[in-house]
Amino acid sequence: MSGKSITILGEAERHRLLQSPVDGSGLKLLLEAGLTWLRTNQQYVNSLNVFPVPDGDTGTNMVLTMQAAYDEVCQHQSLNVGEMAHSLAQGALMGARGNSGVILSQIWRGFARAMDHYETMDAALFVRALQESRNTAYKGVVKPVEGTILTVINDIAVEAENRLKEGDKLSDILVNIVETADESVKNTPELLPILKQAGVVDSGGKGLFFIFEGMLRLLQGNSLDTAIAEIKPLSALDLENALETIEEGQDYEVVIDFVPHSSLDLEDYYTNLTKIGTSIQVGEGDGMYRMHIHVPFENRYSPIDYTMELGTIQKVMMENLLDQVNNKKRDKDKIKLISVNPDEIAVVAVSPGHGLSRIFASLGVAAIVEGGQTMNPSVKEILAAFENLPTDKIIILPNNKNIQLAAEKAAAVTVKNVAVIPTRNTPQGFSALLRLMPNGELEENVEAMMEAIREVETGEITTATRTIEIDDVEVQKGQVIALLNGKLIASTQSIDEACIRLLEKAQVENYERITLFYGENMPLSHVNKIADWIQTTYPEHEVEIHEGGQAHYQLIVAIE
Amino acid sequence: MTDQINPLGNIYIFPQAIATIARQATLQSYGVISLAPKNLSESVKLFFNKKRPFGINVRADSSGLYIDIYIIVEYGMRIKSLTNSVANTVKYNIEKTIGMPVQRVNVHVRGLRISNPD
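Protein sequence lines, in the order shown, are assigned to chains A and B.
If you number the first sequence the way the numbering used here does, the last residue is 1913 and the count never jumps.
If you number the second sequence the way the numbering used here does, the last residue is 526 and the count never jumps.
Treat the hints with caution; some may be incorrect.
What the hints assert, rightly or not - Examples of chain A residues toward chain B, derived with CB under 7 Å:
#, residue
1, Val1406
2, Ala1449
3, Val1495
FYI, nobody ran anything at the bench for these hints, they're computed from the structure.
Because the structure is a prediction, the values reported are computed rather than measured.
Backbone N, C-alpha and C define an ideal beta-carbon position, used for all residues, glycine too.
Work out the full structure: start from the sequences and follow the hints.
Here you go:
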């Protein structure tokens, strides 16, 4: 189940993790948190990579290694922490990628050796395991280079031991470890000159820090899927990408270089900046700071005024984003459609969302018409989509009951040879499209597609817009409703519950694969949670998540 | 032998010099315990001259450098990953220092050292 983020722990579970010695399942949770947090910060770690070879892959390598280790851990349902640690080490060993991955695998190998055959992990065992981690990691190299991940694990092991002597609990020790790791990482440029030259901290050490910090964030109930804002070296400022993820109300980009009068209270600085704008990044190098922010039109001078209070401004750069983004968006939103040859069959699909259009395009449609539940395209729009295609054989997938008629009218008006497949929703459209043989006869394509749309069950989850009773289901306005193949089957209070009822009603056990297409108003973290639930309830099924981007429907579920 | 042209004259860089860079990079690589004699003849020569460098072989042609490295590694690591790292580090360091393209780096694992049997 890679790529899904862990949800925040329930209070009870958190309490259990904090209070009692950690067992196998607790260790698994901690590892998942470490992995998730590392993955969230993967690009940042990559950007730091200058040693031993500046190939910018440390973060990726560490994530892949941790992922392999975690996958191995997931294979075992043992409650025994020693066995769990053993599979962790085994997975890390087999999946070790790159230099930092190999060192990480050694860290887990030492960790597992100390855990050997223990049922649960208490503070003393944890500390011993960290020391064993350090020892094993150092045995792997004749001339250890300090200022790397090795230094960080060493500092962690030393600090953990000191804390244990003072009688701290496991969770307190973790707090101190994270602090120490942070300090240790910050100090790496002093030990390894090449880092100082590049103006970065050590990437592997930072990666290890993120793993432990992820564990701590889990215990403290902090989210793991959004990277926190923090000071970065100048070279790591990713201003290009900041532009890509622009939101509404970000009219101007302001970049200010300044030297603070006295030492800068970053937290304060950040807090005040967030009141002015978004996409804040602050970088540091040689006593100079660079601040980047996106602000609405009326606030365009506020960052300058504010920063001027704190220091001497050296340079200000301002750009009108609306203008730039419009250009960028046009490029980005362009979906690449296949070009058809004369004599081949071209498919025209009606798509209700950008993500879905992308999938349609990847499956080989020749034209896309935007439209859905409340925005039915006109006959003219559908005609325009295929009139200019260089072939006479056209198949239309209306993907909505309300659009079918318009599609049929378009078919009647044109001189081209057009077939309309009565697909009532997007999943049916996808299934039909998978049967496309562009070089075959139109009739046999239609036949295959008609068969395909009967094989997929489609669920839709949306919010009721009025109070009504249909098919013996009572619905209040604002409730979440589930439809199966267009038929209302349940009204519930939450999306999760609607999903449960939908899958039950669809008799999902008779099928193999469940695909979720989430809409524009549905957060990914919520979809991930649902997907995780489905995976646990139906472990035999394949579960996939795609961004659909459709309006109105929070989820479209394809069951096949 | 590996020569570069300079307006004032030729620059010759001998394989031994390149081998030194390769050796340094190899020994700093994670997981490498030591270099190893590449064959019996090298072992015998080593017997008579303990200070003789060994375990690295450098060849060059017009297209670039070909490097062979013979090493002993620590038991208990994914050898594929760590040898990959060795090859990358050696290539990077030589190209950075000498400025000649490295065409191949062959890494030969001659033995394993077991410090933690688990």
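The hints, checked one at a time:
{"no.": "1", "hint": "Val1406", "result": "holds (4 Å)"}
{"no.": "2", "hint": "Ala1449", "result": "holds (4 Å)"}
{"no.": "3", "hint": "Val1495", "result": "holds (6 Å)"}
When each numbered hint is compared with the structure, no violation occurs for any of them.
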